[in-house]
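*Asks:* With chain D held as given, fit chain R onto it using these hints.
Just so you know, the sequences run in chain order D and R. First residue of the first sequence? That's 1 in the working numbering, and the numbers climb one at a time after it. First residue of the second sequence? That's 1 in the working numbering, and the numbers climb one at a time after it.
Everything labelled a hint here was simulated from the structure, so no lab data went into it. Every residue, glycine too, gets a C-beta built ideally from N, C-alpha and C. Certain hints may be false.
Calculated Cβ distances over 10 Å to all of chain R for the following chain D residues [what the hints assert, rightly or not]:
no.: 1; residue: TYR23
no.: 2; residue: VAL207
no.: 3; residue: ARG232
Part of the chain R face toward chain D, derived, beta carbon under 7 Å [to be verified]:
no.: 4; residue: GLY50
no.: 5; residue: ARG54
no.: 6; residue: TYR76
no.: 7; residue: PHE86
no.: 8; residue: SER88
no.: 9; residue: ALA90
no.: 10; residue: LEU92
no.: 11; residue: PRO104
no.: 12; residue: ARG106
no.: 13; residue: GLU107
If we take Cβ atoms under 7 Å as the criterion, some of the chain R residues that face chain D in the derived model are [unchecked claim]:
no.: 14; residue: ARG79
no.: 15; residue: LYS80
no.: 16; residue: MET84
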Amino acid sequence: MIETIRSLGRWGLDIFERLGRGYLFLMQILAGIPSLLFRGSLVIQQLYSVGVLSFALILVSGLFVGMVLGLQGYNTLVDFGAEESLGVLVSLSLVRELGPVVSALLFAGRAGSALTAEIGLMKSTEQLSGMEMMAVDPIKRVISPRFLAGFISMPLLAAVFSAVGIFGGFLVGHGLLGVDDGAFWSQMQVKTDWYDDVLNGVIKSIVFGFVVTWIALFEGYDAIPTSEGVGRATTRTVVHSAFAILGLDFVLTALMFGD
Amino acid sequence: MPLIKIRDLHFYRGDKAIFEGVNIDIHRGKITAIMGPSGTGKTTLLRLIGGQLRPDKGTIEVDGQDVHKLSHTELYELRKRMGMLFQSGALLTDINVFENVAFPIREHTQLPESMIRDLVLMKLQAVGLRNARNLMPSELSGGMARRVALARAMMLDPMMIMYDEPFTGQDPISMGTLVNLIHRMNDAMNLTSIIVSHDVIETAEISDFIYLLSGGKVIEQGSSVQLKQSSSHWVQQFMQGLPDGPVPFHYPGVSLADDLLSPEDLS
Numbered sequence: 001m002i003e004t005i006r007s008l009g010r011w012g013l014d015i016f017e018r019l020g021r022g023y024l025f026l027m028q029i030l031a032g033i034p035s036l037l038f039r040g041s042l043v044i045q046q047l048y049s050v051g052v053l054s055f056a057l058i059l060v061s062g063l064f065v066g067m068v069l070g071l072q073g074y075n076t077l078v079d080f081g082a083e084e085s086l087g088v089l090v091s092l093s094l095v096r097e098l099g100p101v102v103s104a105l106l107f108a109g110r111a112g113s114a115l116t117a118e119i120g121l122m123k124s125t126e127q128l129s130g131m132e133m134m135a136v137d138p139i140k141r142v143i144s145p146r147f148l149a150g151f152i153s154m155p156l157l158a159a160v161f162s163a164v165g166i167f168g169g170f171l172v173g174h175g176l177l178g179v180d181d182g183a184f185w186s187q188m189q190v191k192t193d194w195y196d197d198v199l200n201g202v203i204k205s206i207v208f209g210f211v212v213t214w215i216a217l218f219e220g221y222d223a224i225p226t227s228e229g230v231g232r233a234t235t236r237t238v239v240h241s242a243f244a245i246l247g248l249d250f251v252l253t254a255l256m257f258g259d
Numbered sequence: 001m002p003l004i005k006i007r008d009l010h011f012y013r014g015d016k017a018i019f020e021g022v023n024i025d026i027h028r029g030k031i032t033a034i035m036g037p038s039g040t041g042k043t044t045l046l047r048l049i050g051g052q053l054r055p056d057k058g059t060i061e062v063d064g065q066d067v068h069k070l071s072h073t074e075l076y077e078l079r080k081r082m083g084m085l086f087q088s089g090a091l092l093t094d095i096n097v098f099e100n101v102a103f104p105i106r107e108h109t110q111l112p113e114s115m116i117r118d119l120v121l122m123k124l125q126a127v128g129l130r131n132a133r134n135l136m137p138s139e140l141s142g143g144m145a146r147r148v149a150l151a152r153a154m155m156l157d158p159m160m161i162m163y164d165e166p167f168t169g170q171d172p173i174s175m176g177t178l179v180n181l182i183h184r185m186n187d188a189m190n191l192t193s194i195i196v197s198h199d200v201i202e203t204a205e206i207s208d209f210i211y212l213l214s215g216g217k218v219i220e221q222g223s224s225v226q227l228k229q230s231s232s233h234w235v236q237q238f239m240q241g242l243p244d245g246p247v248p249f250h251y252p253g254v255s256l257a258d259d260l261l262s263p264e265d266l267s
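Next up, chain D with everything else stripped away, as it sits in the complex (with noise of 0.2 Å):
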């Protein structure tokens, strides 16, 4: 009984200071932005490998999504004699809530997952450590200019996300099903408005690729430098990822849209 009790605490004081570790490592990581001002090009190197890397998943996974929504929203509008406000649908649902948010589990996906393990193995190799003996802050030289690249990336990507998105659904609800061009977008473009619905899409964005790329990061940093430790950080980078999103996207939503 006493054990458990213990064990308990200690599964408790685990959490914590794991979440006080994090907590510092971001202050490290903001600290060593300024630096980044004269040294674009880590940043732009990184954008890349983060960013334009997975153009091609969020590309393709966004039409698909898209498509899909046009299918389901037609075969349930016609039944009401409404499928013209196919557009609407289609572009809330993206907007609002499925670009954000399936293009930031992508993003974990593709892009977190390979920055934890980039960053545990060079924590395992020794690299990291290397640089600090040649003087060179880690923080700075590798880990800040991937945050940042996260940071910029994600939103950009959830927008192509709801572009692509919303032009599936047009192929399938225009092109196979028939519903009328004009009525399509001329009805998007009355309901889905600026502030409400895409600039709130976009804060969720920018929320998600921070947390994200945070946390992918620090899995990566914290990692017990064997290939078993990368390996188990670079699931937890998945697996509490996706937890933080759902979670702060319930959060978010309540807080834009919970009048």
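*Replies:* Just chain R, lined up with the frame of chain D:
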């Protein structure tokens, strides 16, 4: 005055004591070896000297500065004058040999590209790998990776170099090359070298002074000749690589007879 002065060093990992009251002096211009069995904390000692770990008690002074009382900026300034050669080489895997060697100078100076090229080629020439400059780290053998790392550690012309197990896992030719390089570099550049190793023959060959560590303490110190003549059985066992002696061949515990007759394994 010694370059590095370690006094009353205590360091613990959890409840396990790694060092308990270690005193070491590393003299300028000399090659000093820190030897001891695996797991005695030799690498930990280098990390303590480099300020990557903090001691629980005691002080480490490098060139008159207490490493663990320095600010972040001061510590990084000091590290520019300390080279370290990791066991794995710790080369950056995403850039080639040339860029690896150029890395510290690109990070810390604004020298023109032509000058960086000359400096890198000179360092690579010294370790015999000038023509391997376009290879990636994954294309190098273990010995070559360590030589590249050595060239990189020399790049900022440090006052000292710390070698972490430089000879482990090397074939006889690479081993000979590394022994020769470390010796030559130390004399030619008036460096201070610290070699952490358990390769007794190679290390003793080039060291001016040797510390033997075990159980968190300095067991013996002196030149290789003095150590070979030591009256301590432990030192003799270590220096000659005898399989049994004060450090037993068998992991301590129950005797074989008791173990075979114990009922716990029968179930």
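*Asks:* Taking each numbered hint in turn, which are not upheld by the structure, reported in ascending numerical order?
*Replies:* Violated: hints 5 and 12.
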